[in-house]
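So you can see what is in the structure, the chains are spelled out below.
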Amino acid sequence: MRAMAPPVDLASPVRLALVANGKPNSVELLDALAAELRVRVRSIEVRRYRKASVSIAPEAADVREIAEWANAVLAAVGD
Amino acid sequence: MRDALEFEWLGIPSVAVIADALTGPADAMRALSGMAHYPYVVTPFPVGALDGSGVTERARDHVDEVLRLLSRRDAPTPSQTLGDTASQTLGDTASQTLGDTADLVFDNDDDAEAAFAARGWTDGLPVALPTPGRVAALLARSHRDRDEVVVSLPTRNGLDATVAQVAVNAVMAGVEPRHFVVVLAALDAMADEQFNLHAHTATMAGAQQVLVVRGPAVTALGFRSEDGALGPGWPSNNRVGRAVRLVIRNLLRSVPGEFDRSGFSHPGRFGWCIGEDPRTPWSLGEPDSSEVLAYATTWQASIINHDQNAEALLDEIGLAVRAACHTNWLHRAVASDSAFYVARPFLFVTGAEHARVLVRGGYRDIALLRNAIFERLTRDDPVLRPVAVASASNIHFLYIHATGMQQTWFFAPFQSHALVRRLLP
Chain G
1438 MRAMAPPVDL ASPVRLALVA NGKPNSVELL DALAAELRVR VRSIEVRRYR KASVSIAPEA
1498 ADVREIAEWA NAVLAAVGD
Chain D
4 MRDALEFEWL GIPSVAVIAD ALTGPADAMR ALSGMAHYPY VVTPFPVGAL DGSGVTERAR
64 DHVDEVLRLL SRRDAPTPSQ TLGDTASQTL GDTASQTLGD TADLVFDNDD DAEAAFAARG
124 WTDGLPVALP TPGRVAALLA RSHRDRDEVV VSLPTRNGLD ATVAQVAVNA VMAGVEPRHF
184 VVVLAALDAM ADEQFNLHAH TATMAGAQQV LVVRGPAVTA LGFRSEDGAL GPGWPSNNRV
244 GRAVRLVIRN LLRSVPGEFD RSGFSHPGRF GWCIGEDPRT PWSLGEPDSS EVLAYATTWQ
304 ASIINHDQNA EALLDEIGLA VRAACHTNWL HRAVASDSAF YVARPFLFVT GAEHARVLVR
364 GGYRDIALLR NAIFERLTRD DPVLRPVAVA SASNIHFLYI HATGMQQTWF FAPFQSHALV
424 RRLLP
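Top line first, the protein sequences correspond to chains G and D.
Each step along the first sequence adds one to the number in my numbering, with nothing skipped, and position 60 is 1497.
Each step along the second sequence adds one to the number in my numbering, with nothing skipped, and position 408 is 411.
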C-alpha cells in the first residue's frame, strides 16, 4: 500500500494545478471549479495544464513544474 | 485517475473527478496502484455533453467535496467504501494472475475449469486444457525466455503477461505451436505505447482489436483471406485472434467490473484476425516480408454497391463513411484535438468485386486511391462535417478475396491509437 500525501492547509496560500486530460469539457469543468474555489479559499493561485490526449501522461516539463510549484492538484475528467 | 495518483505519489495532495459510469475501472486502477482507499469525486456521466451553465452547476455541486478531499485525508467517502470490496477482489485476482505458471497447467478438465472460474478467466466458451505438454510445445517454438514480459501496461501496474503465461492462454484458445510466433508478434505490436492498448480495452466504446496477418505467412500458416475471412470457421484466424483476447481478458483484466467498461461490447471481442490476400492490388507492406498488424476499431460500416464506375463507387463509399463518422463523433469538430490525431489510421477492407472496379477505373496506385478517398471524406459539404482523418497517408486498404457481393467494409478507428506492425520471425 502507498501512503496518501499530507492534507492541504487551506489557511495557508494554496497553489493549485489544474490538469485537464483533454476530454470534452475537462478544461471548462476545472475552470468552473477553480472559480468556485476562489470564493471559498482565502489565498489561492491557479495554473492550468492540458494533456495532449486523454490516453497519455502529462508532458514531463509540466510534471516537473507542477512538482516544484503546486501544493495541490485537481485532475479532470474521467468521462 | 492515473494522473492524480502520479501527483499523489510525488507528495502533492491530488483529487480526480471521475464520472459515475467509470468507477469500476477507477477502483481497479487505484487498487493496482497500491492505493485502494484513494478517494475521488464522482460526477454523473456524461460531463462532455454539458453546456456552459451545466458545467457551472456541476462545479458548484462538487466544490465542497474537492475541498474536503484536499484538506481532510482520513475520512472515507461513500464511493471509497463501496470501492474497497471490488479492490480487494481485484487484488486477489491480480496476485493469482501473477502466480507461477505451474499453477496454470492442468491434467484434467474439472480442475482447470474450477481454477479458471476462480480467477475470472475465459471468454464464456470452452477452452482447451493447458497441459504441461501442450504449453511446452508452444514455448519450444517461441525461442524466447519463458519469463520474458511480453505486455505490461503502466496503468495496470502489477498486471503483465509473460511468454509462458501467453502460452497457457494460447493453448486455451486452441493455438497450434506453429502459430504461437504470430500470437507473440501480435502482442509485441499491442505492447507498443502508440497502440494505446489500455485505452481501447477499457473504453465505454467497446473497441475491438483486429489483427491482420500479411505476406507469405498467410499461405504458409493457413490464414484465411478469401470468402468468409472476417468470420468463423478458420482455425488459424479464429484461434490466434482468440488467444490475444484471452490474454487481454485473463492476464490484463479487461473484464466488466475491472478494466473493461464497455457498454455494448462486440462479438469481435472473441477475437478478430484476418489474412491479407496475396492477390491484393494494394498491399499493406513489402511482398517478401511476413508481419502482423494491430488495429483498434470501434464500429464498422458496410458499403454494398453495384456501380461499375470507379468514381461513382468512390462517391458512395465516401458518402457512407462520412455520414457514419458525422453521427459517431469521428469528425473534425470533436475528434481532431488529440496527440493521436496525426497518426490515427483509417482501415478499409475491400473485396474482389470492388477492387476490380477500382483497379479498372485507374486506382491500382494506392496513393491515387488514398487521395481519392481522403478528398471525399474531407471536402466542403453543406451537411456532413469533415472526417477526422489527418492525411491521405493515414488511409489503408486491406484486400480480401471475397467474391460475389460487391462490398467494402470501413473499420472505424478507436480515436487514440496508431496502426502498429511487427515482423514475423
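It should be emphasised that the hints constitute simulated quantities derived from the structure, not laboratory data.
Mixed in with the good hints, there may be bad ones.
Between beta-carbon pairs, the in silico distance windows are [stated by the list, open to error]:
id, chain 1, residue 1, chain 2, residue 2, range
1, D, PRO49, G, ARG1475, 20 to 28 angstroms
2, D, ASP230, G, ALA1497, 22 to 30 angstroms
3, G, GLU1482, D, GLY57, 22 to 30 angstroms
4, D, ASP54, G, ARG1475, 16 to 24 angstroms
5, G, GLU1502, D, PRO49, 38 to 46 angstroms
6, G, ARG1485, D, GLU378, 36 to 44 angstroms
7, G, ALA1497, D, LEU128, 41 to 49 angstroms
8, D, PRO157, G, PRO1450, 48 to 56 angstroms
9, D, ARG335, G, GLU1502, 43 to 51 angstroms
10, D, GLY14, G, ARG1475, 19 to 27 angstroms
11, D, PRO259, G, ILE1481, 36 to 44 angstroms
The structure displayed is predicted, hence computed values, not measured ones.
For every residue, glycine included, the Cβ atom is placed at its ideal position computed from N, Cα and C.
Do the hints match the structure? See the list:
1. D/PRO49 <-> G/ARG1475: 20 to 28 angstroms: Holds - the Cβ-Cβ distance for D/PRO49 and G/ARG1475, about 26 angstroms, lies within 20 to 28 angstroms.
2. D/ASP230 <-> G/ALA1497: 22 to 30 angstroms: With a Cβ separation near 50 angstroms, D/ASP230 and G/ALA1497 fall outside 22 to 30 angstroms, so the hint is violated.
3. G/GLU1482 <-> D/GLY57: 22 to 30 angstroms: About 27 angstroms separates the Cβ atoms of G/GLU1482 and D/GLY57, which means 22 to 30 angstroms holds.
4. D/ASP54 <-> G/ARG1475: 16 to 24 angstroms: 22 angstroms, holds
5. G/GLU1502 <-> D/PRO49: 38 to 46 angstroms: This hint is violated: roughly 31 angstroms between Cβ atoms.
6. G/ARG1485 <-> D/GLU378: 36 to 44 angstroms: Given about 38 angstroms between the Cβ atoms, the range holds.
7. G/ALA1497 <-> D/LEU128: 41 to 49 angstroms: Roughly 44 angstroms apart at Cβ, these two residues keep to the hinted range, so it holds.
8. D/PRO157 <-> G/PRO1450: 48 to 56 angstroms: With a Cβ separation near 33 angstroms, D/PRO157 and G/PRO1450 fall outside 48 to 56 angstroms, so the hint is violated.
9. D/ARG335 <-> G/GLU1502: 43 to 51 angstroms: Check failed, 31 angstroms falls outside 43 to 51 angstroms.
10. D/GLY14 <-> G/ARG1475: 19 to 27 angstroms: Roughly 24 angstroms apart at Cβ, these two residues keep to the hinted range, so it holds.
11. D/PRO259 <-> G/ILE1481: 36 to 44 angstroms: Given range 36 to 44 angstroms: holds, Cβ gap about 40 angstroms.
The structure fails to meet hints 2, 5, 8 and 9 from the earlier list, while all remaining hints are met.
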